[in-house]
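Undergrad: Okay, here's what each chain looks like letter by letter:
Protein chains: 2
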Amino acid sequence: MTNDSRIWTAALIVVGDEILSGRTQDKNIAQVASWLGVQGIRLREVRVVPDVMDAIVEAVNKLRARNDYLFTTGGIGPTHDDITVDAVARALGVDVVIHPQARAILESYYEPRGGLNEARLRMARVPAGANLIENRVSGAPGIHVENVFLMAGVPGITAQMLDGLTGKLEGGLPLLSTTVGCWVAESEIADLLRETEKAHEGCQIGSYPFFREGKTGANFVIRSVSDDLLKACAHSLEDGLAAIGRFPVPGGI
Amino acid sequence: MTNDSRIWTAALIVVGDEILSGRTQDKNIAQVASWLGVQGIRLREVRVVPDVMDAIVEAVNKLRARNDYLFTTGGIGPTHDDITVDAVARALGVDVVIHPQARAILESYYEPRGGLNEARLRMARVPAGANLIENRVSGAPGIHVENVFLMAGVPGITAQMLDGLTGKLEGGLPLLSTTVGCWVAESEIADLLRETEKAHEGCQIGSYPFFREGKTGANFVIRSVSDDLLKACAHSLEDGLAAIGRFPVPGGI
Numbered sequence: 001m002t003n004d005s006r007i008w009t010a011a012l013i014v015v016g017d018e019i020l021s022g023r024t025q026d027k028n029i030a031q032v033a034s035w036l037g038v039q040g041i042r043l044r045e046v047r048v049v050p051d052v053m054d055a056i057v058e059a060v061n062k063l064r065a066r067n068d069y070l071f072t073t074g075g076i077g078p079t080h081d082d083i084t085v086d087a088v089a090r091a092l093g094v095d096v097v098i099h100p101q102a103r104a105i106l107e108s109y110y111e112p113r114g115g116l117n118e119a120r121l122r123m124a125r126v127p128a129g130a131n132l133i134e135n136r137v138s139g140a141p142g143i144h145v146e147n148v149f150l151m152a153g154v155p156g157i158t159a160q161m162l163d164g165l166t167g168k169l170e171g172g173l174p175l176l177s178t179t180v181g182c183w184v185a186e187s188e189i190a191d192l193l194r195e196t197e198k199a200h201e202g203c204q205i206g207s208y209p210f211f212r213e214g215k216t217g218a219n220f221v222i223r224s225v226s227d228d229l230l231k232a233c234a235h236s237l238e239d240g241l242a243a244i245g246r247f248p249v250p251g252g253i
Numbered sequence: 001m002t003n004d005s006r007i008w009t010a011a012l013i014v015v016g017d018e019i020l021s022g023r024t025q026d027k028n029i030a031q032v033a034s035w036l037g038v039q040g041i042r043l044r045e046v047r048v049v050p051d052v053m054d055a056i057v058e059a060v061n062k063l064r065a066r067n068d069y070l071f072t073t074g075g076i077g078p079t080h081d082d083i084t085v086d087a088v089a090r091a092l093g094v095d096v097v098i099h100p101q102a103r104a105i106l107e108s109y110y111e112p113r114g115g116l117n118e119a120r121l122r123m124a125r126v127p128a129g130a131n132l133i134e135n136r137v138s139g140a141p142g143i144h145v146e147n148v149f150l151m152a153g154v155p156g157i158t159a160q161m162l163d164g165l166t167g168k169l170e171g172g173l174p175l176l177s178t179t180v181g182c183w184v185a186e187s188e189i190a191d192l193l194r195e196t197e198k199a200h201e202g203c204q205i206g207s208y209p210f211f212r213e214g215k216t217g218a219n220f221v222i223r224s225v226s227d228d229l230l231k232a233c234a235h236s237l238e239d240g241l242a243a244i245g246r247f248p249v250p251g252g253i
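Chains as they are written, first to last, in full-length UniProt numbering: chain F, 1 to 253; chain L, 1 to 253.
Careful, some of the hints might be misleading.
Since copy identity is lost for identical chains, a pair holds within one copy or between any two.
[As the list claims (entries may be wrong)] Within a straight-line C-alpha distance of at most 27 Å, the following computed DSS-like cross-link-like pairs (lysine-lysine) qualify:
#1 K62 / K168
#2 K215 / K27
#3 K62 / K27
#4 K231 / K198
#5 K168 / K215
To be clear, the hints were calculated from the coordinates, so they are not data collected in a lab.
Modelling step: build the complete structure from the supplied sequences, incorporating the hints.
TA: Below, the structure is given as structure tokens:
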């Protein structure tokens with residue numbers, strides 16, 4: 001049973017010089033965020049840090065302490081710049097050990113691929129006390145230790161690991177959302193948005209303007225854990241837009 | 001004159017519930033990172049924070065103190081959830097004031113668009129002591145105060161603001177990079193990578209594996225401020241790959 005009134009939170013650390021250099025467009029923030037939402041867990045903060053021990057340790061210590069869950073992506077591969085396992089172990093104050101099951105998985109995976117070598121065996125290293133997160137794509141598993149979940153940097157592999165965790169983490173009520181679109185400049189209806197949000201406790205309204213087909217418009221995303229509150233707020237916003245001669249588009253534009 | 005030996009650093013704060021909910025795929029991290037690289041400034045850390053005053057203030061205070069420059073994207077529009085200006089002012093301990101030039105820009109921009117109202121005037125609010133960053137797309141300018149640069153959340157507008165700042169921030173030598181690709185599992189050549197990096201001080205090698213056309217490969221990205229060091233390191237890596245019967249692909253795959 002989930003506790004409906006409790007809000008569960010998570011943070012994400014994206015480890016990788018390739019994101020900070022601009023070489024690689026991050027795709028893990030959005031996929032982890034969406035997945036957490038479905039689990040009833042709110043992503044509260046994200047940090048992108050370089051492949052530098054002190055930077056990872058600092059972020060791990062800060063974020064795991066103030067969130068229910070901490071996820072990391074990146075830095076768990078076989079090469080010299082993969083130091084996330086070591087950094088998490090240091091943050092937790094535990095040793096790095098070879099996980100027997102991870103070793104067995106890697107032995108089996110690499111048996112037809114040239115066999116296990118020292119670099120590949122690095123991917124069986126875990127902070128002491130860790131469990132594995134299944135990875136059906138490549139051999140190397142993800143790692144779960146205390147409230148920290150270490151996942152791959154390659155988005156397709158991360159997706160598999162998230163799939164393996166689906167339904168296994170305790171969360172609260174999922175944050176629901178609905179969208180109302182309108183061909184209006186958000187700056188024309190800022191008062192309406194603020195007043196509608198204020199009149200509907202338990203709902204937040206986000207305003208996302210755009211410019212398309214030569215016209216200014218915006219989508220207003222309403223979020224709440226209650227479907228009833230959500231609908232009431234959306235109807236109120238739609239009525240407010242109609243009252244000033246602007247056609248609301250339920251579902252968004 | 002830039003000081004060649006000095007490394008200039010920046011941090012980025014992405015403000016926005018829409019990123020943390022997974023609704024919107026962030027595009028600002030990559031574009032700010034790439035732009036900074038060309039300016040000779042290294043992006044050292046990124047934080048994504050919600051539209052919550054305390055969260056933004058905490059991140060601003062921490063990151064502006066330990067970097068030469070701090071950039072923010074998002075939360076400078078006309079609606080109730082746009083609070084970045086207030087948060088930066090609070091972090092700096094200054095008042096929020098109406099910037100006369102920003103007001104004039106907005107008056108002119110909105111003159112044929114229904115005129116300036118209270119919400120639109122919000123976009124002329126700046127932390128006291130701020131200068132404006134030109135924005136050729138929409139009326140609202142970005143804001144520069146002390147070592148903090150506040151930019152839009154909409155990537156196309158952010159791009160314009162970055163363009164307006166090009167060449168105006170002091171930086172060091174740009175970090176150069178070159179890529180060597182190879183159809184090899186990175187786990188087969190981890191020793192070669194580590195030893196090549198160790199033998200070429202001033203160079204970092206990142207390993208970015210992929211799986212394409214049914215085959216395992218990787219791109220090895222070498223970074224350095226020196227073009228000579230970069231070339232020497234790349235040649236050494238290419239020779240090392242060739243020596244074990246793996247064909248290097250200069251420029252990457």
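Undergrad: Hint by hint, say whether it matches the structure.
TA: The hints, checked one at a time:
no.: 1; hint: K62 / K168; result: within (24 Å within a copy, 35 Å between copies)
no.: 2; hint: K215 / K27; result: between (29 Å within a copy, 22 Å between copies)
no.: 3; hint: K62 / K27; result: both (23 Å within a copy, 26 Å between copies)
no.: 4; hint: K231 / K198; result: within (15 Å within a copy, 60 Å between copies)
no.: 5; hint: K168 / K215; result: neither (45 Å within a copy, 33 Å between copies)
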